[in-house]
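Visitor: Protein chains in written order, with our numbering: chain L, 2 to 114; chain D, 185 to 298.
By construction, these hints were calculated from the structure, which means they are not laboratory data.
Residues from chain D that face chain L, not an exhaustive set, calculated with beta carbons under 10 Å:
| # | residue |
| --- | --- |
| 1 | 187 |
| 2 | 215 |
| 3 | 229 |
| 4 | 231 |
| 5 | 240 |
| 6 | 242 |
| 7 | 279 |
| 8 | 290 |
| 9 | 291 |
| 10 | 292 |
Backbone N, C-alpha and C fix where the C-beta goes; we use that ideal spot for every residue, glycine too.
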Amino acid sequence: AQSVSQHNHHVILSEAASLELGCNYSYGGTVNLFWYVQYPGQHLQLLLKYFSGDPLVKGIKGFEAEFIKSKFSFNLRKPSVQWSDTAEYFCAGDGEAGNMLTFGGGTRLMVKP
Amino acid sequence: GAGVSQSPRYKVAKRGQDVALRCDPISGHVSLFWYQQALGQGPEFLTYFQNEAQLDKSGLPSDRFFAERPEGSVSTLKIQRTQQEDSAVYLCASSPRGQGSGAFFGQGTRLTVV
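Work out the full structure, taking the sequences as your base and the hints as a guide.
Guide: And the structure:
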């Protein structure tokens, strides 16, 4: 069965610190991977997605993620976080059919000014 | 509208009541998804439509849950005889043809069953 897991439930950083949020997946066959962000009181927004090709994917707001097939990972990174990055981050994946997303449990990021 | 719109934003239902949650997807989007998000957890897939056809309803937790999209645009998720365990945020998402499930999400309907 397909699954996505995020091991960090809560992360607290100071502004300008570097960020890496872990995501591991378990899928048979083709996998598409996504990172979503949910700011307080707002809807889920797509940060970036990986379908195929270059395993280093750049998204909005300075975020990037690297697909490492051998490690079944798709970690989210940002070199220098800002207070405005405080949010909950969700990793998600779907298979070749592209008809449903499987989400990880989410990581709450708090950035202290 | 510019985004996915869901109504109501909040719903309090007495146990045993029926509820109907509405989703207006982005105009022209072929695919529509419903997810359930319990407190402190990630969203979980409920059902998927392509136009008016419900292609996957494997995530619906019981036969009390029913979804429809009769004209291929607006969708309604109905929950009959609500139970306390149905309390959650119900998210709707839509995506254009060929974009798979990397969809645009609405703000959700927070259902509280008392």
